[in-house]
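Protein chains in written order, with the numbering used here: chain A, 1 to 534; chain B, 1 to 534.
These aren't lab readings, by the way, just hints derived from the structure by calculation. A hint or two may mislead.
[Said to hold, decoys possible] Partner residues are not named here, just some residues of chain A that face chain B (Cβ under 7 Å, in silico):
#1 Leu27
#2 His413
#3 Gly414
[As the list claims (entries may be wrong)] Cross-link-like lysine to any residue pairs, in silico, SDA-like; alpha carbons within 25 Å at most:
#4 B/Lys260 to A/Gly26
#5 B/Lys369 to A/Glu372
#6 B/Lys427 to B/Gly414
#7 A/Lys427 to B/Gly414
#8 A/Lys371 to B/Lys260
#9 B/Lys371 to A/Gly414
#10 B/Lys369 to B/Asp357
[Unchecked claim] Over 12 Å on every C-beta distance to chain A, these chain B residues come out as not near it, computed from the model:
#11 Ile346
#12 Glu392
#13 Ile505
Don't be surprised by glycine CBs; every beta carbon is placed ideally from N, CA and C.
Residue strings, one per chain:
2 protein chains.
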Amino acid sequence: MTTTPTVPEEFHIFDTSLRDGAQQEGLRLSVADKLRIAGYLDELGVTFIEGGWPGANPADTQFFVEAKELELRNSKLVAFGATRKAGATAATDPLTKALVDAGTDYICIVAKSHDEHVTRALRTTLDENLEMVTDTVTYLREQGKHVFVDCEHFFDGYRANPEYALSVVRAASEAGAEVVILCDTNGGMLPSWMGDVVSAAAQTGANLGIHCHNDTGCAVANTLAAVEAGVMHVQGTFNGYGERTGNADLSAVIPNLQIKFGWELLPPANLAEITRVSHAIALVANQPLLGRQPYVGASSFAHKAGLHASAIKVDANLYQHIDPTLVGNDMRMLISDMAGRANIQIKGDQLGFDLSDRELAARVTERVKAKEAEGYSYESSDASFEMLLRDELGLLPQPFQVTSWRVFTEERHGETISEATVKITAKGKQEMVVGEGNGPVNALDHALRKAIAAAYPAVESFELTDYSVRLLDEGHGTDATVRVLINTSYEGSTWTTVGVGTNVIEASWEALFDALVYGIFTHVEPELRPETAA
Amino acid sequence: MTTTPTVPEEFHIFDTSLRDGAQQEGLRLSVADKLRIAGYLDELGVTFIEGGWPGANPADTQFFVEAKELELRNSKLVAFGATRKAGATAATDPLTKALVDAGTDYICIVAKSHDEHVTRALRTTLDENLEMVTDTVTYLREQGKHVFVDCEHFFDGYRANPEYALSVVRAASEAGAEVVILCDTNGGMLPSWMGDVVSAAAQTGANLGIHCHNDTGCAVANTLAAVEAGVMHVQGTFNGYGERTGNADLSAVIPNLQIKFGWELLPPANLAEITRVSHAIALVANQPLLGRQPYVGASSFAHKAGLHASAIKVDANLYQHIDPTLVGNDMRMLISDMAGRANIQIKGDQLGFDLSDRELAARVTERVKAKEAEGYSYESSDASFEMLLRDELGLLPQPFQVTSWRVFTEERHGETISEATVKITAKGKQEMVVGEGNGPVNALDHALRKAIAAAYPAVESFELTDYSVRLLDEGHGTDATVRVLINTSYEGSTWTTVGVGTNVIEASWEALFDALVYGIFTHVEPELRPETAA
Chain A
1 MTTTPTVPEE FHIFDTSLRD GAQQEGLRLS VADKLRIAGY LDELGVTFIE
51 GGWPGANPAD TQFFVEAKEL ELRNSKLVAF GATRKAGATA ATDPLTKALV
101 DAGTDYICIV AKSHDEHVTR ALRTTLDENL EMVTDTVTYL REQGKHVFVD
151 CEHFFDGYRA NPEYALSVVR AASEAGAEVV ILCDTNGGML PSWMGDVVSA
201 AAQTGANLGI HCHNDTGCAV ANTLAAVEAG VMHVQGTFNG YGERTGNADL
251 SAVIPNLQIK FGWELLPPAN LAEITRVSHA IALVANQPLL GRQPYVGASS
301 FAHKAGLHAS AIKVDANLYQ HIDPTLVGND MRMLISDMAG RANIQIKGDQ
351 LGFDLSDREL AARVTERVKA KEAEGYSYES SDASFEMLLR DELGLLPQPF
401 QVTSWRVFTE ERHGETISEA TVKITAKGKQ EMVVGEGNGP VNALDHALRK
451 AIAAAYPAVE SFELTDYSVR LLDEGHGTDA TVRVLINTSY EGSTWTTVGV
501 GTNVIEASWE ALFDALVYGI FTHVEPELRP ETAA
Chain B
1 MTTTPTVPEE FHIFDTSLRD GAQQEGLRLS VADKLRIAGY LDELGVTFIE
51 GGWPGANPAD TQFFVEAKEL ELRNSKLVAF GATRKAGATA ATDPLTKALV
101 DAGTDYICIV AKSHDEHVTR ALRTTLDENL EMVTDTVTYL REQGKHVFVD
151 CEHFFDGYRA NPEYALSVVR AASEAGAEVV ILCDTNGGML PSWMGDVVSA
201 AAQTGANLGI HCHNDTGCAV ANTLAAVEAG VMHVQGTFNG YGERTGNADL
251 SAVIPNLQIK FGWELLPPAN LAEITRVSHA IALVANQPLL GRQPYVGASS
301 FAHKAGLHAS AIKVDANLYQ HIDPTLVGND MRMLISDMAG RANIQIKGDQ
351 LGFDLSDREL AARVTERVKA KEAEGYSYES SDASFEMLLR DELGLLPQPF
401 QVTSWRVFTE ERHGETISEA TVKITAKGKQ EMVVGEGNGP VNALDHALRK
451 AIAAAYPAVE SFELTDYSVR LLDEGHGTDA TVRVLINTSY EGSTWTTVGV
501 GTNVIEASWE ALFDALVYGI FTHVEPELRP ETAA
């Protein structure tokens, strides 16, 4: 079962996050976003980065202008385009010119390989389509470009008319395309259907690549099946972004090839960056991270069941398919209402508290379960968990006390403003301050930090880096109980606190309050923090 | 490439959403939630519903008590448990008793099949583990139960010690287990590794099942590979819920088997409910819907690129791998800044507006692009798009005017309250009202609807069924621009409106205002709505 193919002499990891990935519903990338993502992909060391379609839209054209300033150390930039118009010549086709002008050494053009798409969508003849492939590839080669050809709808085309689909592969290869990519554009393939088709295409003598979409939930597996059948070039996107169900997820394809097949495609130190790169790309693309994402997800090596937790103490490797550090991820124990004492004890150890006392551990476990029943979640908020633990142990400091707070929002002559008033006591001195903000929580954050800064100036440099609201009982609109998670950063460290309530402002206030208390006793005045007796 | 195995005489779809699915980080199901989900699964018609582990925790025990009242029409309920303790007897083992007392005809027990897990985690001998399997299965059969056996860590166990792993399968089968399930508990398998192992296990003569996790991104494909190798029972969860990366997603496995393999496992009318069921389960489980989810995702048959849109007018089937109605989903055209005029025109048609005038269509397209640049998104808010369109066409009614609004939130003696004041004019009459709420937006919603109800009583029955807030520039904490989406329902129809701003209250107000205006001219006083001149 562990027999795997040997790595080809030449093998390409071709990232199309910036081109095909950007087709995803709700995903929009500015030129600046694309440049940042290209930087991450180069750090990781993918072979090729497809940047977009110069000439098709202004942003993509601009990207290639600004990309000239990028000093890529590991990856090569690719411009995407199409075969020239029917009845024209590549030499005079404006889009082909824009493609050349993009100034990349590598160009990838899409060609139709499904007969019906040629006759009905493109509305030209099968012969003219072949001529368009030959002419465009030949012209681009004459301009000194390396050329890849994406055969669009290849697998559906092969099913409908195998001879014609193969003739497009042959035409591209004979005209000088260095790789001809078989595209499952509609994403309908299954892994066991891949081998025969890829082998048939290989008969043309072309170097083959694969481009899969996830419409059957098999994009990663289809890509591996094509590799096993001999392709030397895999296309995909980070985090599986793409139109409809997305493209093959390179953050799963790469670890599968490198760890499961044992192919060293990236230096191991780079592979260990793949989780960070995947998350950084999600951040720039403004996409939520999927905890369940293979290899790189926050939950992918997280253990919840009390059952497991006790056994994991014996040997973690009995419960994980790879060492998570290979991909820069790590094993996490989750505090949750399914947890037994074992989880709580392991978690306590990690935080430096001795919970070996069974009764104490049981008490903490009970309290966690009660809070989680209310809607709190400590799985993702260690700071709040440590505060709960310290409270239970009588080790929770109170750097300041709140007397009262109020916030209002109104429209004044067409402008919306939020204003908060906060009264607190810190180090024996009372402070009452007012703060403005973009919104009520922002105003409360400003007012509260201003009030506390008199006693603890450092809190002025605390930064609220993430704020998320989650409805806990969907379908109740604004009546729902909400959970607020806040990430606060200070001098390179970040901590997460949680607040719960039916009033989003109240829940936010709770999370803000905990964030400041935790930050103060952890990073500003550690002397405030009583250590565990253990 | 289309050769597929023929459907076995007996084939099981075994859903473990309520047991293994509930292990997912952040997923918590109450007894009531589990009963509702079981109802949906029965409607769809899966063969088996695994409800939980009676005796292991009070909630699961309670589920089986209350489940006796469920009148399942299509599915059979299964209680999950484990082999009896080492050194004990099944007849006297309290957990085995709890399992029998659950009162289901079908029981699934987990058995260790990896030698190291037996000796190091379970800390017993390999022989005693076999004895535990035989004794427990035999005892349960004597109680008149149908028994399934999950072989935990089977694939890792087979790699470590094939003889032992197979001996566990044999012991279970010989003791009377009707199906022995091969579990890829750590999820490290690849599809091409499946065939040999499943074939080896088949040599024991046992009826085989498969249970996959998604740690390599191949859970669905691994499941299909096992089916191709001859298993007659597939386990999975809806939407792929489960520990770490989750389990095989039945909402992809079922359509793959039924549509791609051509096996009629469910009546076609039931298969057409799978999208609804998948979404209903997500709602009860309080999990966000993944737009990219194969077959059932909101984006799975959505087309964005202007390139496609024009060709889709020719024949949609050239651009989709199946007819989306087979799974109760549908093809959508997305309005987006990557859209050409074609999308806008198709969308306009769907809404009953004639945008064949190129200049008009271009003007609307420009306006959509400008708004989307600000952060608006019309992909998911058709109501706001129609209002934009009507505004551009001079066909947007104004059922009421807002003079001013204000909302504040404060803590009064330990209690947090939100209070909103709204002044409006409708049908010539001015109204100024105050409303309270769980939070500022809730208070504004109450005040605004109360004010308008004087002129349009029906709005009292409008229900705000969903409210979601999205940060548009992550990493800016509460300073970020936010997008608010609001779903409003009235007499069975639901519409979505969008609001954008740096102030979440302002953005929410905009979405609330549009929701009421749209609802009034669409559902309450259609005579207010001027029709398109076209």
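Here's how the hints hold up against the structure:
1. Leu27: violated, 9 Å
2. His413: At 10 Å from the nearest chain B Cβ, A/His413 fails the 7 Å test, so the hint is violated.
3. Gly414: Status violated, d = 10 Å.
4. B/Lys260 to A/Gly26: violated, 29 Å
5. B/Lys369 to A/Glu372: violated, 43 Å
6. B/Lys427 to B/Gly414: violated, 42 Å
7. A/Lys427 to B/Gly414: holds, 23 Å
8. A/Lys371 to B/Lys260: Status violated; Cα separation ~46 Å.
9. B/Lys371 to A/Gly414: holds, 19 Å
10. B/Lys369 to B/Asp357: This hinted pair holds, its Cα atoms lying about 18 Å apart.
11. Ile346: Holds, because the least Cβ-Cβ distance between B/Ile346 and chain A comes to about 15 Å, which exceeds 12 Å.
12. Glu392: holds, 22 Å
13. Ile505: violated, 4 Å
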